Amino acid sequence: MPIAFEDVSFSYHAPATKKRAKKGVSAARKGAPPPPEAWALKDIDFCLEDGEFFGIAGHTGSGKSTLIQHTNGLLHPTVGRVLVDGQDILDKKEATRARSKVGLVFQYPEYQLFAATVYDDVAFGPRNMGLAPDAVDACVHEALAQVALDFDTVQGRSPFELSGGQQRRVAFAGVLAMKPSVLVLDEPVAGLDPAARRDFLGLITGFHDEGLTVVIVSHNMDDLARLCDRILVLKEGEMLMLGTPEEVFSHEGALREVGLGVPAAQRMANSLKGAGLDLEGGLYDTARLADSLAALYHAAVR
Amino acid sequence: MTAAATEDIHIDFEATGFTYDGEAFVLDGIDLVVEEGSFVCILGGNGSGKSTLAKHINALLLPDEGRVAVFGADTRDERSVYFIRSNAGMVFQNPDDQLVASLIENDVAFGPENLGVPTDKMRQRVTEALAQVGLQGFEKRETHALSGGQKQRVAIAGVLAMDPRILILDEASAMLDPRGRRGLLRVCCELNAQGMTIVMITHFMEEASLADRVVVLDAGRIALDGVPSKVLTQTEQLAGLNLQAPFACRLSGELQRRGVPVATHVSEDDLKEELCRLLSKT
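In the order they appear, the protein sequences are chains A and B.
When we follow my numbering, the leftmost residue of the first sequence carries the number 1, and every step to the right adds one.
When we follow my numbering, the leftmost residue of the second sequence carries the number 1, and every step to the right adds one.
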């Protein structure tokens, strides 16, 4: 289920109007255009492909959260269109359909838990979709299994009695219970310790392996480099770069300018190359950098 | 100045135990002395007791066992709490939870105003505090229009306006982007250079490498304690404590495993220098 952004611009001062929504056309809004600094997104044009692992990076206020809220019609473009499966989601019916197919997990999702028991929290979405109790039950079982929580242990407990990491798993399960085909995660491992980060990123990789399209917003360049097929870098609401990790992280200077960086191993490789060491191009992770440096060393001492 | 304020020892945990529910001890026999002017980083996995420990420093939590003394004053002594809180300021994780006013100067002035500082002196303190965090001239700006990193710096300015001697940061950079994190760290280093005692709770190893002491907690106990070059280089122990050694240490380790004779470095610059020396002979 591809999601296509077609020349999308968005301003919080000039959101899409009801009238536009009714007509289902995406003509530019009438009246004076918003001032240039008011654009939260400007000329966003790309297509999220089926089965992709897609990363979004950018400094605070670069439009990352605004962009992901366009993927399932929580926000509508001021200019341009968002097509989910070829259908403009400005249309109310299409937006509703998109919402059941594109699961959004916000930052610190555990803050949004609300029900008296874990079961009710996870069941909220499926129940809202009008599923029969049996089907809801199956959804909850499956979703809790997907996030590696034991159904019998947690289902009757209050989510607020659980640890922070478990709460976040419950929040993930609430979105997975809707059986989305695209999962959009805003900073899914923020605030977790390194071991918990690894566990959660492992879970997310697992969802992707099972066929979900995954979009992940992150400040962690190491994670993005390791996990993503493509990375979109935003700068003040505009697309600064879009490409494979290798392409994106070859521009260390430009990334630094927008307050980001490159993965630690890449940074070290670039810096060693700058100091005159004979390292090849391409993307480096810790193991590859160690291999290359060891080869240089052993060649030198031979 | 009270007599206690002349003590060199700022923070003194003696066999401190704490439990939220009367069963599980979140702090379990903490002995820790922090001296004036030091920059201490507290590390530990989720649930290791880091934040609980931090909240003991300014009497937000009181020990169930042992004692905590700040400037020689017992945190359980109600008469000392006011003195302790005005000298040990704390900044928390979420920038949006900590600002109380819509105008920056009002927000920074909130603390001193409550202390009854006269208006003239207060203005001066607000101006100074904003300068200390690199936000000169931001007095009349509105807090909601700031970035997360700027909001955290305003929160720090609010603490600095109280003229404290200890600044405690409880994962204050967790929600910031890399630039915001670097800015916050720079402010902490500058304040420390001016003599402020800094206690920083974090998950980020690169931040810990800048401290002059690192304390690692595990299940409410101190697992490791020492200078960064001693503690952060213990790659395997750290992994066992749900932490990850800084990148330079991990790369050093990978190189050693491949037969390259480098020392284990905490700083990337130091590792780079050694590699250049070693490899540029070709």
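Hints are computed from structural coordinates only; laboratory data are not their basis.
Remember, it's a predicted structure, so these values are computed and weren't measured experimentally.
Every residue, glycine too, gets a C-beta built ideally from N, C-alpha and C.
There's no promise every hint is true.
[Unchecked claim] Listed below are several chain A residues computed to face chain B (Cβ distance under 7 Å; list not exhaustive): (1) S65; (2) G164; (3) L260; (4) G274; (5) L277; (6) E280; (7) G281; (8) T286; (9) A294; (10) L296.
[Said to hold, decoys possible] Per the computed footprint, the stretches of chain B lying under chain A, defined by three or more beta-carbons under 8 Å from a beta-carbon of chain A, are: (11) 66–77; (12) 130–142; (13) 176–186; (14) 254–265.
>> Are any of the numbered hints broken by this structure? If so, which, sorted upward?
In response: The structure breaks hints 1, 4, 6, 7, 11, 12; every other hint is satisfied.
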